[in-house]
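Chains as they are written, first to last, in my numbering: chain B, 162 to 415; chain C, 162 to 415.
To be clear, the hints were calculated from the coordinates, so they are not data collected in a lab. Fair warning: this is a prediction, and the values are worked out from it, not measured in the lab. Some clues are possibly wrong.
Remember, identical chains collapse to one label, so a pair may be satisfied in a single copy or spanning two.
In silico DSS-like cross-links for lysine-lysine, where the CA-CA straight-line distance does not exceed 30 angstroms [stated by the list, open to error]:
1) Lys306 / Lys215
2) Lys306 / Lys397
3) Lys178 / Lys415
4) Lys415 / Lys297
5) Lys297 / Lys188
6) Lys297 / Lys358
7) Lys306 / Lys178
8) Lys409 / Lys188
9) Lys163 / Lys358
10) Lys306 / Lys188
11) Lys211 / Lys178
12) Lys211 / Lys288
13) Lys215 / Lys409
14) Lys290 / Lys409
15) Lys358 / Lys264
16) Lys409 / Lys397
17) Lys409 / Lys358
18) Lys264 / Lys362
19) Lys409 / Lys297
Number of protein chains: 2
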Amino acid sequence: MKELLIEAADAVSNAIKQLEISKAGDKVGMGADGTPTQRIDRIAEDAVLKVLEKNGNPLNVLSEEHEFIDNGAEYTLVLDPIDGTFNAVNGVPFFATSLAVGKERLSGVQWALVKDLTKGTVYFAEKGKGAFADSKRLRTREFGKSTAFSVYMGALSEDESFRIARLARRARNFGAASLELCLVAQGSLDLYYLHTKAQAKLRVVDIAAGTLIVREAGGEVFDVDGNILDVDLNIKTRTDIMAVGDMKVLEVIK
Amino acid sequence: MKELLIEAADAVSNAIKQLEISKAGDKVGMGADGTPTQRIDRIAEDAVLKVLEKNGNPLNVLSEEHEFIDNGAEYTLVLDPIDGTFNAVNGVPFFATSLAVGKERLSGVQWALVKDLTKGTVYFAEKGKGAFADSKRLRTREFGKSTAFSVYMGALSEDESFRIARLARRARNFGAASLELCLVAQGSLDLYYLHTKAQAKLRVVDIAAGTLIVREAGGEVFDVDGNILDVDLNIKTRTDIMAVGDMKVLEVIK
């Protein structure tokens, strides 16, 4: 499975390299999740679908563009071809492709791959077998003095977000959830927190891969009430999220 | 001058590539600005000083490590060898080297170069001759509906920061001022805003290059009271900052 996911992620990297940045943001349709599809999303998704087809369509596909493609397979690819589309389209060098393979629910994800499309780092996890960045084993960091959170902020954030941002020495936000979850997994950040009004909540395609990577690196992913996060693998699902590297973070932010 | 700055930035890229990330954050001394110097800062600064020496020391140097090196030159290199040290040391792919050449004050900066040390993009400006990313001319963006601010947040932020973060559809923060100023210059962001308690304010080495790049791209850089920013080129200087691509942003945030 790892080889297939790497092949798909590489296909995304190559496809978007040939795209002029001035056209990357053109609206080319409406996605199954109700948000407009931009050219870069379409091109990236097509690249992945082509790889699957070449390999005999061994997976069903859940994606923003197609909702659900039933290939009669046991497992489903939960795909966000470009996570951080705003960044990608506006020249901010922080976005990724996110691929998870599982069934039914977030807890049923077995394999996960996130590729940083700027730096090229490949984050991969298989359930029960650990998380890796390229070939390096990932471990979340122990919570200590030099706190660094990523907190989603802006007009659609709930007030709680601003309270939490004040609790860290550094409160960052990079605008690509899948890659920020990987930063928690590799011990760059102590917390990723997103708590927003409905239209800014995350879709399962944004977090399916990153969630497994955090968990396999020793962290945990919750909803904002502190329940271990589990949602249906459905394109209509929207959720808040709180991912920590060390459970001590929960004490500090409550 | 451009060739010399490019040579210096390339020397930084090469020097830090050979550095193991696990050792990048070792404290190796105390800087002239009163913050500890980490190994990555030292290595990057030494690389720049070597390039200057090879070229006959044509510039004085203002830097965190050495305060002021008087080479009897007309102009001074205002150097932050690694801007975004926390990111660099903790595996967050967003940090830069920042080099500005000028005399006496921020307004006396004539040449500026910021290199994104992850992606490799080189931002360059010469006073009166425009700003460029690699060979592409930079223009700030017109303020419109899809607002994106970078607002520095955390325990040391002043309250005003949180008020402003709510005004944007997206409030990001990436943790490397020089590179965030370049994002304003290239029209990725509408605003860069940092308003903090004393110990988190910016040094002139963090902003000297980015400020010229924003101004040459059509934007402006202010203090948080709305005065055009100008400070002495002195390693002890600390300042808040507000950089905009379009003056309309000032109306929205006041």
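Legend entry - Indices of hints not satisfied (ascending): Hints 1, 3, 4, 6, 9, 13 and 16 are the ones this structure does not satisfy, whereas the remaining hints hold.
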